[in-house]
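Undergrad: Protein sequences, first through last, are from chains R and W.
Each residue of the first sequence is one higher than the last, beginning at 83 in the numbering used here.
Each residue of the second sequence is one higher than the last, beginning at 83 in the numbering used here.
Quick caveat, the hints were computed from the structure, so don't treat them as lab data.
Hints may contain errors.
Note that identical chains are pooled: a pair holds if it fits in a single copy or bridges any two copies.
[Claimed, not checked] Only pairs whose alpha carbons sit at most 20 Å apart, straight line, appear in this in silico EDC-like list of lysine to aspartate or glutamate:
{"id": "1", "residue 1": "200", "residue 2": "274"}
{"id": "2", "residue 1": "311", "residue 2": "120"}
{"id": "3", "residue 1": "200", "residue 2": "329"}
{"id": "4", "residue 1": "311", "residue 2": "122"}
{"id": "5", "residue 1": "349", "residue 2": "122"}
{"id": "6", "residue 1": "311", "residue 2": "384"}
{"id": "7", "residue 1": "142", "residue 2": "203"}
{"id": "8", "residue 1": "142", "residue 2": "117"}
Protein chains: 2
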Amino acid sequence: MSSSHPRHADDGLAVRLAQTAEAIESLLDGLLSPDLLEGEIARPPRLVAAMRHGALGGGKRLRPFLTVESARLFGVGMPQALRAGAAVELLHCYSLVHDDLPAMDDDDTRRGRPTVHKAYDEGTAILAGDSLLTLAFDVMADAVTHPSGEVRAALVLALARAAGLGGMAGGQMLDLAAEGRFGSGQASVLGEAEIRQLQAMKTGALLMASVEIGALLGGAPESQLTALKRYGRALGAAFQVADDILDVEASPEQLGKATAKDQDKGKATLVAALGLDGAKRERDRLSEEAVAALAGFGAEADTLRAAARFAAERKS
Amino acid sequence: MSSSHPRHADDGLAVRLAQTAEAIESLLDGLLSPDLLEGEIARPPRLVAAMRHGALGGGKRLRPFLTVESARLFGVGMPQALRAGAAVELLHCYSLVHDDLPAMDDDDTRRGRPTVHKAYDEGTAILAGDSLLTLAFDVMADAVTHPSGEVRAALVLALARAAGLGGMAGGQMLDLAAEGRFGSGQASVLGEAEIRQLQAMKTGALLMASVEIGALLGGAPESQLTALKRYGRALGAAFQVADDILDVEASPEQLGKATAKDQDKGKATLVAALGLDGAKRERDRLSEEAVAALAGFGAEADTLRAAARFAAERKS
Numbered sequence: 083m084s085s086s087h088p089r090h091a092d093d094g095l096a097v098r099l100a101q102t103a104e105a106i107e108s109l110l111d112g113l114l115s116p117d118l119l120e121g122e123i124a125r126p127p128r129l130v131a132a133m134r135h136g137a138l139g140g141g142k143r144l145r146p147f148l149t150v151e152s153a154r155l156f157g158v159g160m161p162q163a164l165r166a167g168a169a170v171e172l173l174h175c176y177s178l179v180h181d182d183l184p185a186m187d188d189d190d191t192r193r194g195r196p197t198v199h200k201a202y203d204e205g206t207a208i209l210a211g212d213s214l215l216t217l218a219f220d221v222m223a224d225a226v227t228h229p230s231g232e233v234r235a236a237l238v239l240a241l242a243r244a245a246g247l248g249g250m251a252g253g254q255m256l257d258l259a260a261e262g263r264f265g266s267g268q269a270s271v272l273g274e275a276e277i278r279q280l281q282a283m284k285t286g287a288l289l290m291a292s293v294e295i296g297a298l299l300g301g302a303p304e305s306q307l308t309a310l311k312r313y314g315r316a317l318g319a320a321f322q323v324a325d326d327i328l329d330v331e332a333s334p335e336q337l338g339k340a341t342a343k344d345q346d347k348g349k350a351t352l353v354a355a356l357g358l359d360g361a362k363r364e365r366d367r368l369s370e371e372a373v374a375a376l377a378g379f380g381a382e383a384d385t386l387r388a389a390a391r392f393a394a395e396r397k398s
Numbered sequence: 083m084s085s086s087h088p089r090h091a092d093d094g095l096a097v098r099l100a101q102t103a104e105a106i107e108s109l110l111d112g113l114l115s116p117d118l119l120e121g122e123i124a125r126p127p128r129l130v131a132a133m134r135h136g137a138l139g140g141g142k143r144l145r146p147f148l149t150v151e152s153a154r155l156f157g158v159g160m161p162q163a164l165r166a167g168a169a170v171e172l173l174h175c176y177s178l179v180h181d182d183l184p185a186m187d188d189d190d191t192r193r194g195r196p197t198v199h200k201a202y203d204e205g206t207a208i209l210a211g212d213s214l215l216t217l218a219f220d221v222m223a224d225a226v227t228h229p230s231g232e233v234r235a236a237l238v239l240a241l242a243r244a245a246g247l248g249g250m251a252g253g254q255m256l257d258l259a260a261e262g263r264f265g266s267g268q269a270s271v272l273g274e275a276e277i278r279q280l281q282a283m284k285t286g287a288l289l290m291a292s293v294e295i296g297a298l299l300g301g302a303p304e305s306q307l308t309a310l311k312r313y314g315r316a317l318g319a320a321f322q323v324a325d326d327i328l329d330v331e332a333s334p335e336q337l338g339k340a341t342a343k344d345q346d347k348g349k350a351t352l353v354a355a356l357g358l359d360g361a362k363r364e365r366d367r368l369s370e371e372a373v374a375a376l377a378g379f380g381a382e383a384d385t386l387r388a389a390a391r392f393a394a395e396r397k398s
């Protein structure tokens, strides 16, 4: 496979992140156009608009960035890496649209704008989320994404496994339960191990899959695939502890959404379990664990190393 | 590919339907077990239970039946045909769980039992639907379903295209809009062409895909694939007109759900557009169109021919 990635060691992480975010935005804009794909009958304008509201105009696009950077290690062409990254991002956006619903986390704003069910309505938001999820698999399975059907099927499987009942959706289920939404109505005090499992499912599984998918695109040998999954798992965990810390320390303006919500809801976080200082130490440990997993790679993995530190140290 | 389908001309449609339904039930029971697949972290029991509530214990399993019978034309082994059929059924069940939600059709019962959000709660029902949808793609992409990655990717794509914004989800969006859920709050009077498009998306696309997926499993040549899609499209339309007619003529006990709902909601149906007699003539015409599409097949397609008549003449 030919590489369209010149490697500039002085390309800063911020520049690379911004470039990928711009390319992903443009790709999503095209995927969420009124144009029909073969086999589609009509795209209802209200549904397209709600999907665009949920997927365009914001976010760090960290997940597609991880896919692109992981794929880069194996010389994967940029168009393919970006398509697969866009599929991962569509899946991430679906999860935000559904998590924001009144029956779930009941959030009115996201990235400083009204959430989809606020800008439209609940029924439309449910369908927009469903359609973003479905489109993610459509994009992965389409021959444009990779010439090999074996690879495309592997991409679909990795994404589905990370997103489903044993991954992200299951993690959201555990989160609702921990908040006391069922049964007694009392929030549960989860132990550290339970919190880690919840977070590994709710956020970690998709972050890990973002890295894994880049490696699958590039036909990574088993040992490198395993190393990259270990990297992704540690990065995902670091990212989530950082999120718990930001909820305590950041302002709503920095995050574009309400803060101090976790504590108010009695939410299970590692800040609650380990204390603020303990959580920060754990965040840094996980970030170093992610970097250590890349020991078998050379300078070509420096951006991924920087991404692990960024995931831990981000301010929004 | 070896065939495990002995062809008995005297196998009645009802017997075949019942056999497939039993096999699908058993397969879904296994897929929705607490056992983790590789890559899954944990399966929260409440989520598994809600998914089982939404997917097990009922339904004619018409869609997997169409997949199995279409695959049979090409000698596809039963285990593969049933796996792909189970994926189609998971996707169908997801759509029922979400369509029943208060923000959508707001139904309390389904197949004579409480709907998932009634038996559990709205948040759990949303997640159960999401997870059934995701699992459908997981099953299609898994190597157990077909040895060829090319075929598995094609299965995923056919399913996603039928289910997404340009298919089933888009059709539900049009349906909510026609009921006057947005804007003026008035139900729209849709013309016959608009009703046909809505129904082709909401119900037709997945029924057609059920047939198409069987043909893809069997590596059908292009001409036969086209014929089977034409069959599936006509059958899907006949099925939906029959549904409109049943809503007027059947009792709630026959259907296991409320009837005369369409009229109460000012819902766009072909009964409203063509009158009851006109709708019955249209149903029969579509059923014959489906049969005619199979002209290139011999006696091996007799069960599909009978299925087209069944879809039109069913009493529940």
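Undergrad: If a hint holds in the structure, say so; if it doesn't, say that too.
TA: Evaluated hints:
no., hint, in the structure
1, 200 / 274, "neither (35 Å within a copy, 33 Å between copies)"
2, 311 / 120, "between (35 Å within a copy, 13 Å between copies)"
3, 200 / 329, "neither (23 Å within a copy, 33 Å between copies)"
4, 311 / 122, "between (35 Å within a copy, 13 Å between copies)"
5, 349 / 122, "neither (42 Å within a copy, 23 Å between copies)"
6, 311 / 384, "within (16 Å within a copy, 50 Å between copies)"
7, 142 / 203, "neither (26 Å within a copy, 33 Å between copies)"
8, 142 / 117, "neither (27 Å within a copy, 35 Å between copies)"
In summary, the structure is inconsistent with hints 1, 3, 5, 7 and 8 from the numbered list given earlier, while agreeing with the others.
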